[in-house]
Amino acid sequence: MTESIAGLEHQFETLEQQHEAGWLGMWAFLATEIMFFGGMFTGYVIYRWAYFGAFAAGSKDLEIWAGTLNTLVLICSSFTMVLAVHAAETGERRGQIGFLLATMFLGTVFLGVKGYEWTTLFRDHHVPGIGFHFSGPYQNTAQIFFSFYFALTGMHALHMVVGVGLLTFLLVKAWRAEFTPAHHAAVDIIGLYWHFVDIVWIFLFPLLYLVDRHR
Amino acid sequence: MSGVTVSRKTYAGVWGSLVVLTLLTAGIAYLDLGVLNPVAAITIAVIKMALVALFFMHLRYTRIRLTYVFTAAGLLWLALLMAFTWTDVITRHPIVPPPPWPANDVTSHMSIFKAK
Amino acid sequence: MSMVQTAPSYLEDGHGLASWLLTRDHKRIALLYLVSIIGFFFLGAIFAGLIRVNLLSPQGDLVRPQTYNTFFTMHGLIMIFFFLIPSIPAVLGNFVLPLMIGARDLAFPKINLLSWYIFIVGGLFTISAGLFGGVDTGWTFYTPFSSIYSNSNVVLTVIGIFIVGFSSILTGLNFIITTHTMRASGMTWFRLPLFIWALYATSLIMVLGTPVLATTLVLVALERVFHLGIFDPSRGGDPIYFQHLFWFYSHPAVYIMILPSLGVMSETITCFARRRIFGYNAIAFSSLGIAVIGFLVWGHHMFVSGQSVYVGMMFSLLSFLVAIPSAIKVFNWMATLYGGTIAFDTPMLYSLGFIGLFTVGGLTGLYLAAMGVDIHVHDTYFVVAHFHYIMVGGAVMGFMAGLHYWWPKITGRLYPEVWGRLAAIITFLGFNLTFFPQFILGYLGMPRRYHMYPPEFQALNVLSSAGASILGIGYLLPVIYLLWSLRRGQVAGPNPWRATGLEWQTPSPPPTANFEAPPVVREEPYSYPTWEAQID
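Chains as they are written, first to last, in the working numbering: chain A, 1167 to 1381; chain B, 545 to 660; chain C, 11 to 546.
Any given hint might turn out to be false.
For the chain A half of the interface with chain B, some residues (derived, Cβ under 8 angstroms), not all of them [stated by the list, open to error]:
| no. | residue |
| --- | --- |
| 1 | G1173 |
| 2 | H1176 |
| 3 | W1189 |
| 4 | L1238 |
| 5 | F1335 |
| 6 | K1339 |
| 7 | H1361 |
| 8 | D1364 |
Just so you have them, the derived chain B footprint on chain A, three or more residues with Cβ under 8 angstroms [as the list claims (entries may be wrong)]:
| no. | region |
| --- | --- |
| 9 | 1239-1245 |
| 10 | 1252-1258 |
| 11 | 1304-1317 |
| 12 | 1365-1371 |
Here are a few chain B residues that sit away from chain A, every Cβ distance over 12 angstroms (derived from the structure) [unchecked claim]:
| no. | residue |
| --- | --- |
| 13 | P582 |
| 14 | A585 |
| 15 | T587 |
| 16 | P638 |
The hints are simulated quantities; they were obtained by calculation from the structure and are not laboratory data. Values in this document were obtained by computation on a predicted structure and should not be read as measured data. For glycine and all other residues, C-beta sits at the position ideal for the given N, C-alpha and C.
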């Protein structure tokens, strides 16, 4: 019977069917995430068009080095993630553990930089709702910019935290040598999630940090 | 998941491109290209997304073609939301109050239409 | 062919609370959902009853106006998110989908169970908001009232709705992946029962639309807590942006609520007319058509909001188009009925009622799609009547049809047919008495969401409230006789309706693994004339 195949769940006939279902399931879930972030992106687009001056002023207030650094950090984390997948494909336990740890480390660095940015904004009274004050002509509309900044980066950071949690789950399984070249779907699938969160940031970086920098 | 093991060299090449593109987009932001600034930024972001999706997420290598349908659907639906909302915002006219009702229309016997 | 049962039925396979609360079996999860949504239905019905009692008199002073506002808000929220949206998919779909495609379970059984727990947690949040005094914004949470000025429990409620949205998303993901990857050998897409096509289209909407609702609710909650200003006109915000985000989901949501019922119709009408379905491809593609075009029409809720007139015209035109696939279905069912041998069993009575009431609801939707007419009837009882014809006359009757049709499969028992027919007729009569007067009221100008009304509208309101009490009886009866049937109902065999479909080729109730061996499909669906010859 099918139970004798290691890791095959009872509802599936073959491992290939199971892997295909898991793979497609994650892609379908990522489509929902596109729509989730997309709703906020839509608002951002509308208000940037309506209040370009405020958005430019707000954007310039953000620290570009932090944004660029974070972008590079996430790109590196996607690289280490895909190397972890490669290690799972080739059955290298040490590689899996090492690259998963590296990815988690880089993810944590990202969150640390983000925490620094938020603290700075808080100190400068640029957090909407918590004593917001933006000097210059854009008091109200700059608050809209920062609202989207915090909503978008906050949601993104939440997804990063979940991602680090998922990586921890993978790390435990990798430590226990549970991944084989034939059966390592979880690494692939969680990798997809991690790359997606990276892609969201790839768009957030120019939209939030690079509005009208040259002025 | 694709059955094909992509080489680490390919991954490194993609990683290198992503780093270069990031530095490029940050640098271009300091040049005054007018309306091309956001165009360039988004174009570079789309290229980076494509690199991550095609190579890191194995879209280029997967044999499960339904993946493309799911990805396209997600992007298309987002485009739909943005396009229709956007079209509203840019084609609105200011709202002008309508002229007063004539006194002899058929609803004037109904209490809810009587002026207070 | 003997049906020797070697494995216990799913009801016998494990006893005790843990075996139910920790089950992975899609059939048990369906029953968990059934009990939950019935509970929510009666809670929502109580609020409806309170509304109708308040509206018996023009002064409408049963309760304070503020309290009345919480009544219609809670009624809408509970009925939409905790009854209609999950009803057919999470109950009938969960139970029947794997059986219909010849699978042992859904693709992700644990996620299926998780979706039920998420549903319950979301429900608890919303109920607790009710206990703390409710929310008075209407289920539509329009800003800036919901985000700034309302003094009710908005944040608690939106958290509940946000949570329950994930239940919907997970169910949709499960159904889509299952349909793509787990069909039995020989079950090609065009041999699938049309109920599966309907569930698939519903799942597309759940997956692509619900996340936008989630984002919207997050923004409303943040705005309310942090006074952001993104929906506040006095600070440069745009309330219409909220409405775009809200209705981008909430219009397709109404198709989530009706598409599964449309799917049930194809099953019941073929079975009880003993006929092949007329126009299989048309019905299958029209389900997809409704799902897709349904995403393009949301602005018809916003004709008077201040939205661009040009965009309004576009939405109006698209809203006319979306009626076409629905009409195609109705024509095909009529053609299926024509020349059939019609049995007036309870599922068929509900189905025939559905066709009539859904048609009325759909046609009145066209009135509303016309911008010029909508200007006058927007926010009146005309709209209320329109959507209740679809949601209650349509979706709920479709649910009842499906519940009665698959009851023998789910429980192994037959319900008492006489009582079933009686309840169906009472429901039909009570429904029309409740909601037809509301078309007239709306057309004459009675606004919705008002606790009071001008005295000339009282007669019609009293008729409507009287109808509601009859409708209530129509819904109470099935609870009684269906429960009765669990112990005293006649034992149903595998196929009491002599219907086609894989779900009828396994015992009633089915064993946990659904089939002794994975079925192989060689026939077209709804092959009624030849089917009779086979089993005689």
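Consistency of the hints with the structure:
no., hint, result
1, G1173, "violated (15 angstroms)"
2, H1176, "violated (22 angstroms)"
3, W1189, "holds (5 angstroms)"
4, L1238, "holds (6 angstroms)"
5, F1335, "violated (18 angstroms)"
6, K1339, "violated (17 angstroms)"
7, H1361, "holds (5 angstroms)"
8, D1364, "holds (6 angstroms)"
9, 1239-1245, "holds (count 4)"
10, 1252-1258, "holds (count 3)"
11, 1304-1317, "violated (count 0)"
12, 1365-1371, "holds (count 4)"
13, P582, "violated (8 angstroms)"
14, A585, "violated (4 angstroms)"
15, T587, "violated (10 angstroms)"
16, P638, "holds (14 angstroms)"
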